[in-house]
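Enquirer: Protein chains in written order, with the working numbering: chain A, 7 to 119; chain B, -12 to 99.
Hints are supplied without guarantee of correctness; some may be wrong.
Said to hold, decoys possible - Far from chain A by the CB rule (all over 12 Å, computed), these chain B residues:
#: 1; residue: Pro1
#: 2; residue: Gly41
#: 3; residue: Arg53
#: 4; residue: Ala54
#: 5; residue: Tyr57
#: 6; residue: Asp64
#: 7; residue: Asp69
#: 8; residue: Thr79
#: 9; residue: Gly90
Said to hold, decoys possible - Pulled a few chain A residues facing chain B out of the computed Cβ check, cut under 7 Å:
#: 10; residue: Gln47
#: 11; residue: Gly48
#: 12; residue: Phe70
#: 13; residue: Asp106
#: 14; residue: Gly113
What the hints assert, rightly or not - Output of the computed footprint for chain A on chain B, the stretches with three or more beta carbons under 8 Å from beta carbons of chain A:
#: 15; region: 27 to 34
#: 16; region: 80 to 86
If you are wondering where the hints come from, they were derived from the structure by calculation, not from laboratory data.
Don't be surprised by glycine CBs; every beta carbon is placed ideally from N, CA and C.
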Amino acid sequence: ETGVTQSPTHLIKTRGQQVTLRCSSQSGHNTVSWYQQALGQGPQFIFQYYREEENGRGNFPPRFSGLQFPNYSSELNVNALELDDSALYLCASMGAGQGDEQYFGPGTRLTVT
Amino acid sequence: RKEVEQDPGPFNVPEGATVAFNCTYSNSASQSFFWYRQDCRKEPKLLMSVYSSGNEDGRFTAQLNRASQYISLLIRDSKLSDSATYLCVVNTPTSGTYKYIFGTGTRLKVLA
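Just chain B, with the same shape it has in the complex (with noise of 0.2 Å):
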């Protein structure tokens, strides 16, 4: 089983859309919880950091289940500018210290 479960896409949909992703992680000692944005051939970038209580930056939301393992991100109003692959990213404890380990990634495509 992978560290790090993502449902690859694509997730193609109309302007307007509410969008959600999912990813599932193994680890039940992950202290931390992210998700990043990467545009084609570019560099990932923070998106929003994950936490327990939820939490929303505009049209995004960010929701953590410890007790199912999962890490939602919802996408309301979708944008064409949205059309990009994101990244859930966990924070797991690896020999004495913790590295990020990431999802393979969902692409999305908001079509006009």
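If we strip away everything but chain A, and leave its shape as in the complex, we get (with noise of 0.2 Å):
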């Protein structure tokens, strides 16, 4: 185990809807990235929190939007939700002074209908 944890596992939502999604990082760990992986594809990235600060962003529309708290945890919200955001969210966590190898927790799975 990684030790990273994300809530929900499961969730459904309606298009139009509004979604949170909870991770929390791996002891000692201060920077949480975000992905999104549709079926069939490898994550695509999301963002980068690094001591709660936005630190990197990938070609997601500004209703795909984040948080990181003092604890490190992280949230991803995305407003509006469409059919296409449908897709396993997953969180990775990388400590600092530990190299760049990230670590995923178990993702949570969106269905937008």
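Each of the two chains sits in its own frame; use the hints to bring them together as a complex.
Expert: Below, the structure written as structure tokens:
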């Protein structure tokens, strides 16, 4: 186990709704990244947080937003959900001074109907 | 051209076989490289980092060729439990920071 946890495990939402996904990083890890993985694809980078600041963003629209808290846990918020947002959302944590290896949580499977 | 490209497979091999996967990347400024393993409907798990000098971990050997911009993974003496999708990952500079770019993954099925 990586020590990275995510909640909820599964979620079903309706188009147009908003969703918040949560991630607790591995102890001592101050960097959290979020990824979206559609079926049959590799994970796509959404954004990264380092010490509570956004530290890099992928090609996702502004309705994808996030937060990181002082304990380094993180949230991913998605507004105005679209059918194409249905995917596995993964969070990964990385520690300072420990190379750049990332460790993934089990993911949240989001279905938008 | 995709930033990281992998043959999606599937590779169907018998137990005990040796199998090799390749991955190419487009950004020559990429800094670090990894292979992750992903089982069906599970999260990716780090298999190994890839170093310029090459590295080996038991039956697994990874190599990096910076001049040709490709990474390889060799699995010897395949086991049934090696059946999974293998993701090539490249840590690439973008907008003043680095981000992981994943390939689409190569599916491996080891047959009894």
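Enquirer: Among the hints numbered above, which are violated by the structure, and what are their numbers in rising order?
Expert: 8, 9 and 12
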